[in-house]
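Trainee: Residues per chain, in single letters:
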Amino acid sequence: MASTTVYPASEPERWTYLNRVRTRPGPLTKPDFSGEGIAAAMESMRILVIGAGGLGCEILKNLALSGFKDIHVIDMDTIDISNLNRQFLFRQEDVGKSKAEVAARFVEKRVKGVKITPHNNRIQDFDEDFYMQFQLVVCGLDSIEARRWINAMLVNMVDAEAEDSFKPLIDGGTEGFKGQARVILPTMTSCIECQLNMHAPRAAVPLCTLASIPRQPEHCIEWAHVIAWDEAKPFPQLDKDDPEHVGWLYQKALTRAQEFGIPGVTYALTQGVIKNIIPAIASTNSVIAAACCNEAVKMASDSAPFLGQGLDNYMMYTGDDAIYTYTFSAERKPDCPVCGQTARALPADPAWTLRELLDSLAALPEAQLRRPSVRAAGKTLYMQSPPSLEEQTRPNLDKTLAELGLDHGQEVGVTDPAFATVLFTFKLEFPKDKRQ
Amino acid sequence: MTEIIMSQTPPILHGPSEKERKYDRQLRLWAANGQAALESANILLLNSGPGAVGAETLKNLVLPGIGRFAIYDEAHVGEADLGVNFFLDDSCLGKSRSQSLTELIVELNPDVQGTWYPNEDVKTVEPLLSGSQVFTAIIYTHPIRPDQLELLEAYGREHKTPLVAIHSAGFYSYFQINLPGTFPVVDTHPDATATTDLRLLNPWPELAAFAEDMTKDIDALDNYEHGHLPYVTILLHYLKEWKVEHGKYPASYKEKAAFRELVKSKARPSDPEGVHENFLEGADAVMQTVVPLSLPSGLKEVFEYQHTDPVEQKSGFWIIADAVKKFYEEHQCLPLRGNLPDMKAQSKVYIQLQGIYKTKARKDAAEILQIVQATPGGEHVDPVEVDLFCKNAAFVKLINATGGWGSEITRADRLKSAAAAMCDEPDELDPQIPFAPSLLPIYLALQASTTTTPSTTPPSADPPAALTADDLLLSIAERVPGADAKARVEEAAGEVARAEGAELHNVAALTGGMVAQELIKIVTKQYIPIDNTCVYDGIHSRCQVLRL
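Going line by line, the protein sequences match chains A and S.
Each residue of the first sequence is one higher than the last, beginning at 1 in UniProt numbering.
Each residue of the second sequence is one higher than the last, beginning at 1 in UniProt numbering.
Only chain S is shown next, with the shape it has when bound in the complex (with noise of 0.2 angstroms):
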């Protein structure tokens, strides 16, 4: 049989191209959508300050093969830059910075193409972005002089370009994520533990009648047979007989905890060649796929969520979200994913079993879209987007829901209770109970940093007097009354005024690894980005999310 097969189909070798085998580890995660979201991108960076985290990030871009990107960078290299950044060496000295990062850094990858400014026809930031180039996101390190964050700002809002601040000072840093407005993300690749959904306490005709022919005489199959059923059929017969005597499923722990015990008890330790696994696997698998169904939290806000906006109201995601929400109104319960884990059985009845919850996603998928193409709109959405958002309905998630654009005061209001909430904390922190305290105290630290001038000398002192401890105190009780009085408030300000802007290169590397990740995400729109500040303690070796 092998033979015949082998001989009818020629083998053609699906070996892989140059082009994938030099992305196979990375395709592993994001697939061939996702680079191909990645090599569309274009990114500019500007740089300012000692410059090394920005460049950091670029690298952790260009590496993964990100299409274009731009550098904007007034310095010109001295030697203390040689000290902090990898892609400047001795033969850079004197040059503009922007050129000597953009040739080192490009040089990584063939794939890639850098430009620099300024240059000879765009000497400021305001012609490079009324220029040609369309940018995808845009990063920039502090300190950021005002005029060029007012346009860089301004910019995001015109396009609904993504930008992201990043500041890097000793042994701390954050970078806060500024989405133009809410983002929906369908592919977030949950845990495979996680996706297991298979409607045990809701089986659908097909899947009832399959178990019911499998275990009818379920005490008079052979041995062999008994240890071949797969686990799910098992769990659909005994659920079945619990529910006659019980008048109800199991639903509570305790109920669960007998059950699987009931299961467990059927696995035949009688026969000679061993106990049946599958019976085992099923008793393991009570606790998780015994359960009723449920709206998870992520599609719940996604069902919520006023869409007015007339971009928003176009666009596919929010036709299939409204599509998802009519399907699971009439039916109370979400479109199948379809996929069913291993489980011990013969291979035709496994094949047969995946088919019928295979059969049943599909028919789901086909009726979401047929909503979706009876809506207004609906027609140009593409059927691989429906199937995609049917598959992940489950763990669809809505990033930057309240935020965006022109909600500054809201952006006050979560800085105040992030505030409050760090100033209710104990100073004094008991060893033996796990606690990571808030981090806002580092976030607060370095903004200040940003905004005040120091106030021991005159500000036109040359070269200028370093900002102190106190000088970052009295700016942070001024924006948060009262915070100056917390001891780890207090700490982060001695730190960042030892500091003195100075970057180190380990947290430059660190936090360009996890923006250029960030920025990865946004692109390929896979995986869940952060929302939207992530503070880093590299004191204490930690990082914490704030959606500031």
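So here's chain A without its partners, still in its complex pose (with noise of 0.2 angstroms):
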């Protein structure tokens, strides 16, 4: 079985490994399968490749080094020292300069033949057209909102009529020890917007926590963040990397800990609370971004089954306690507002304001939606732009839902600028006791 041909790359030396591997059949490989073009035609797949950070350059690493040798990659960050435990294409004399442009001349640099086009921008830069050049794409991104605006995108690029038009996404993310690989084949199998239950939001603290009844070292700084810095404006904008500014945060928290005899404030921990710091380590980025390119591997050579095209697509991965993963189908949804065909239910009270369905929205683990416009029954109900429409819709934010005439089983159209191609078509779901 095993001594069946070889198929060259263009370097047939320098890919002996690979190739044994991805120009020979398996015992997992379709019974069609052939070798033959395999290797030219990994070489001339264009791979776009989302985020430059932890992930980003691994799965760069990977994918020259895996037979792709056209590759683009997004990223407007800029080199911080804090990057410089994992992100190991960059150096300390780095610093400052931009992530995607360091980490494509490295690859290059090491991995002769393969062209690595960097992009210091941000994704939503880019409109329909830029995105369709694309066979695949590998996000390794540390933003959700940004995985959403991805996937909606992509999944709105699907025509039946244009095979071209399909471009699979595989989507890796990691937090400590833990992290998860999954591959959304748009339209066919379940969406980012599907799964986004399973990245619920952390619940915020009460203002009237901060502001009078503080009992964690957290609320103190919250507080210092939110409240004391409007207050003072110690400096025009906050610089969250301003050891300045972040001294200043500091200080009020630990002030203000002190007087109510609260331990813990520290620097550090004022710092990782302001800027949502998430841990991150070399070893984690190393597995989830192989588990990725491990997948596009598989995609593009047909070598073996990959995620998404059997039963799973989505592998969890926990390394704190011992080695665990747990690979299995993340089901799609059929009132999913990107790629579902129905409403999804949203619960709400006729005696809510529409301030309150608004909060609501943000609230939701599977809305997550922050700055929403929404409408119904034709009409528009708030706005949040441009400036003069947002004024003459900001009276109904104190009405009811009653009184603005929405009733059970309304629907109701939300847009978020962050995800400005994508209608959000919620249903309202009254308690039973209050339908009309």
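Calculated directly from the structure, the hints in this document are not laboratory data.
Because the structure is a prediction, the values reported are computed rather than measured.
Beta carbons are placed, not taken as given, at the ideal position from N, Cα and C, and that holds for glycine.
Be careful, since some hints might not be right.
[To be verified] Okay, the calculated beta carbon distance ranges per label pair:
hint, chain 1, residue 1, chain 2, residue 2, range
1, S, Tyr305, A, Gly264, 51 to 59 angstroms
2, A, Leu238, S, Lys216, 41 to 49 angstroms
3, S, Asp222, A, Leu238, 53 to 61 angstroms
4, S, Glu478, A, Glu13, 29 to 37 angstroms
[Said to hold, decoys possible] No farther apart than 25 angstroms at their CA atoms in a straight line, the calculated lysine-lysine pairs in the DSS-like style are these:
hint, chain 1, residue 1, chain 2, residue 2
5, S, Lys525, A, Lys275
6, S, Lys123, A, Lys112
7, A, Lys69, A, Lys115
8, A, Lys112, A, Lys97
9, A, Lys240, S, Lys19
10, S, Lys525, A, Lys178
11, S, Lys240, S, Lys254
12, S, Lys363, S, Lys160
13, S, Lys216, S, Lys248
14, A, Lys379, A, Lys434
15, S, Lys325, S, Lys348
16, S, Lys240, S, Lys358
17, S, Lys243, S, Lys256
18, S, Lys123, A, Lys434
19, S, Lys314, S, Lys300
20, S, Lys95, A, Lys109
21, S, Lys243, S, Lys266
22, S, Lys264, A, Lys432
23, S, Lys19, A, Lys97
24, S, Lys391, S, Lys416
25, S, Lys256, S, Lys266
26, A, Lys432, A, Lys399
27, S, Lys358, S, Lys348
28, S, Lys326, S, Lys358
Take the two lone chains and join them into the complex the hints point to.
Mentor: Structure (structure tokens):
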């Protein structure tokens, strides 16, 4: 079985190992598998990598050593000293430079023959035409919002008539010793929006706790950040990376903590709370990025089944208590606002004001819309922008849903500037005893 | 008030140092003591085969700042290395692979020192191991020469050094950790949600008195006070009432559910300011916090473990463990951890309650320290270690409790039982029933590929013939009779034969990430390492830990 032909790539000796696996049939390859054109096909594939941070550096290295030669990378960040413990394409002297550019140059220099095109941009700077040029997108992001944006873009791009419009998305994410790798085949498998409730936002501390009854060091820090800073305005604009600004918040939080007898306010904690810092280490990034790129190789070469193709499409990884992976099938949701067909139920109460309804959209794990504009029954109820429209619709915020004539079962359309292309459709669901 | 304090305390900025900034994201996981342990470690990699997985492992140790590493690798860089190993480039062709790897890996972190072998002075493994360097852990990659493996194992036995074997080929890999003896972990970093221990069914006098005082006129409290009672006092109050009425505390799920409803019903819905959330918090906490005292399985294993080894006898861990056992036998409970989760309450009241828990924890720890210091050898035990043990008593874990060097018989037994479990699995899986089959076939096939010689051509042939799936199956059947008939074993053998010893970079990177992570846990003695073999299946995208 293993003695079948190994088909060469353009540098046959260099890719000896890779070719043994990707160009020969294995026990699980499809019966019609042929390795003949695989190396060339992978070399000509254009792949987009989103993010050149902890996962992105690994992904670029992995793809370059997997026989892909035409890679683009988008990242608008610059290199910070706290990146150096894991973002291994960067050195001390690179601090302040563009991540995408430094990463691209490093990998190009190390792996002969690979072309990496950096884009020092936000993903939102590009339109459909730009994303259409790629055959595959691999994401190494730390923001849920960016993931949702690219997911919506790729799902919307699918045109049943044009095979080229279909772009698989492979997404990785890490937090400390934990992470996940998942494959999304837009409109075929569950998408990132379908799985949104798996990434529930952390519950916010009530303002009254911050203002009058703090109990934890975090409460004191949030108070300094949200309340004290606004009152004192010690600097024109808060720069969370400026040690002087963080130091000011730290001092304020510390003083408040001392007043209330609360222990535990430190500089590191202050920084962690205000920047919402998530611990990140080289080893987890290595595991998750490699899991993503392994799926990319299987998908591009057909040398083995990949996630999304069979039953499973999601691998969860936990490394703090021994090693545990859970590989499963995340289900498609028929009421997914991005890839589904039906409106999603939105729990509400006729006595709620419109403002309360909007707040619930931010807190709801499966919605997480922070700047929603709302329309219902052909009427605009609230618009975030332009300012003139915002002013005109603002009075509605204090009206109750009943006053606005909204009833159980009413469909409402929600848009959010973070996901400009998506219309989220919800169906109001009132408690049983409050329906008309 | 604020102004006065500000002017009295000069605004010293306790900003982080350059090093703290660089390592900030990992210090949040293993703190300064973990970092110090890493920085004093010295790791040896004996690299062979394509050698990518070894390099990837080291990368993930050098970035977080391991102290030193050494690479022993007899290969010279060839064209094929450049397609799989990121720490080699065209300029390395023909040079010593260990030298080239060392140079490109050490460049990742100026805090780390790296050396390479063989060199002019040290030409083989033997003098390297008998030299002045002492290694904290040794990693080797398959296929390794039997004579070199023997030397490493002898070194491990003599110096009590953990050995990690790695094998990566095609879409598969495994790594196996050989610890020199029982490995206790105290600083296991349990999930914050698991650490809540409120002793609601066994309140000590100070806690009971505090709750009693706060709730004696609970129905007469004004709305503000009622809505700010910390839920600990609410639960203690209604538990007492429940016990009077029912003669015992709620124990079964049904009783606890009824108790939960009772608490919820007391939330004073009449308050125009809104429902009293503290009661809802309390109701939510019933299932998890209204629990009798118990001895967690990890600690039970520690208590029952016969530590007769003279080195173990004298270790701080076992002296403290014995003291905690005495404490447990006397009080029928563990030392209190002493943390109080956040709950709605007035600041002053919460801080008071927090103090009651902390004071009790300190008292328990002091009692245990006393027992420790009365034990022969206990006078040298660091009180900080005692404190940490008391905090984590419920989560202490023993790794490799029955293994260690010289236990080949039990190792063979473990393989046998893992193989028996695998052989009992059905060949066809029902897609409706979630079932993750054993990954033992992958381990067996990879191992067979290092111990088998091809049947088709004489061993002297050049280039040597590739192993076929049948060769591998034959070898597997010798080790585990009957295993070759299993479909998944056949599949694994076919896959290993296809790879023909080739590493894929992604599989190397993934495996190297896991091995580095495990070494960090072992070196820092934080978090829980695997016990003892992790197998990766890159086709089905999952891992399994087996005790082999």
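Trainee: None of the hints should be skipped; say for each whether it holds.
Mentor: Here is how each hint holds up against the structure:
1. Between Tyr305(S) and Gly264(A) the C-beta distance comes to about 35 angstroms, which lies outside the given range of 51 to 59 angstroms.
2. Distance hint for Leu238(A) and Lys216(S): a CB-CB separation of about 47 angstroms, consistent with the stated range 41 to 49 angstroms.
3. Judged by the Cβ atoms, the range 53 to 61 angstroms given for Asp222(S) and Leu238(A) is violated: they are separated by roughly 39 angstroms.
4. Distance hint check for Glu478(S) and Glu13(A): the Cβ-Cβ separation is about 36 angstroms, which falls inside the suggested range of 29 to 37 angstroms.
5. Straight-line distance between C-alpha atoms of Lys525(S) and Lys275(A) comes to about 29 angstroms, which puts the hinted pair past the 25 angstroms bound.
6. Distance check on the hinted pair: Lys123(S) and Lys112(A) sit about 32 angstroms apart at the alpha-carbon level, beyond 25 angstroms; violated.
7. For the proposed pair Lys69(A) and Lys115(A), the alpha carbon gap of about 6 angstroms is at most 25 angstroms, so the pair holds.
8. A hinted pair counts as satisfied when its Cα atoms are at most 25 angstroms apart, and Lys112(A) with Lys97(A) qualifies at roughly 23 angstroms.
9. Of the supplied pair hints, the one linking Lys240(A) and Lys19(S) holds, its CA atoms being roughly 19 angstroms apart against a limit of 25 angstroms.
10. Simply put, Lys525(S) and Lys178(A) have alpha-carbon atoms about 19 angstroms apart, close enough for the 25 angstroms limit, and the pair holds.
11. Taken as a hint, the Lys240(S) and Lys254(S) pair is honoured in the structure, with Cα atoms around 18 angstroms apart against an allowance of 25 angstroms.
12. Proximity of Lys363(S) to Lys160(S) is assessed by CA-CA distance (about 37 angstroms); at most 25 angstroms being required, the pair is judged violated.
13. For the proposed pair Lys216(S) and Lys248(S), the alpha carbon gap of about 20 angstroms is at most 25 angstroms, so the pair holds.
14. Between Lys379(A) and Lys434(A) the alpha-carbon distance is near 23 angstroms, which keeps this suggested pair within the 25 angstroms criterion.
15. Between the alpha carbons of Lys325(S) and Lys348(S) the distance comes to roughly 36 angstroms, so the proposed pair goes past 25 angstroms and is violated.
16. Restraint check for Lys240(S) and Lys358(S): the C-alpha separation of about 23 angstroms stays at or below 25 angstroms, so the hint holds.
17. With a C-alpha separation of about 12 angstroms, the suggested pair Lys243(S) and Lys256(S) falls inside the 25 angstroms cut-off, and the hint holds.
18. The straight-line distance between the Cα atoms of Lys123(S) and Lys434(A) is roughly 84 angstroms, outside the 25 angstroms bound, and the hint therefore fails.
19. Restraint check for Lys314(S) and Lys300(S): satisfied, since their Cα atoms lie roughly 20 angstroms apart, inside the 25 angstroms limit.
20. At most 25 angstroms may separate the alpha-carbon atoms for a hinted pair to count; Lys95(S) and Lys109(A) meet this at roughly 19 angstroms.
21. Of the supplied pair hints, the one linking Lys243(S) and Lys266(S) holds, its CA atoms being roughly 17 angstroms apart against a limit of 25 angstroms.
22. Note on Lys264(S) and Lys432(A): the hinted pairing holds, with a Cα-Cα distance of about 21 angstroms set against a maximum of 25 angstroms.
23. This hinted pair checks out: Lys19(S) and Lys97(A) have alpha carbons roughly 20 angstroms apart, not beyond 25 angstroms.
24. At most 25 angstroms may separate the alpha-carbon atoms for a hinted pair to count; Lys391(S) and Lys416(S) exceed this at roughly 39 angstroms.
25. With a C-alpha separation of about 16 angstroms, the suggested pairing of Lys256(S) with Lys266(S) holds against the 25 angstroms cut-off.
26. Distance hint between Lys432(A) and Lys399(A) is fulfilled; the C-alpha atoms sit about 22 angstroms from each other, no more than 25 angstroms.
27. Proximity of Lys358(S) to Lys348(S) is assessed by CA-CA distance (about 15 angstroms); at most 25 angstroms being required, the pair is judged to hold.
28. Restraint check for Lys326(S) and Lys358(S): satisfied, since their Cα atoms lie roughly 22 angstroms apart, inside the 25 angstroms limit.
Going through the hint list in order, the structure does not satisfy hints 1, 3, 5, 6, 12, 15, 18 and 24.
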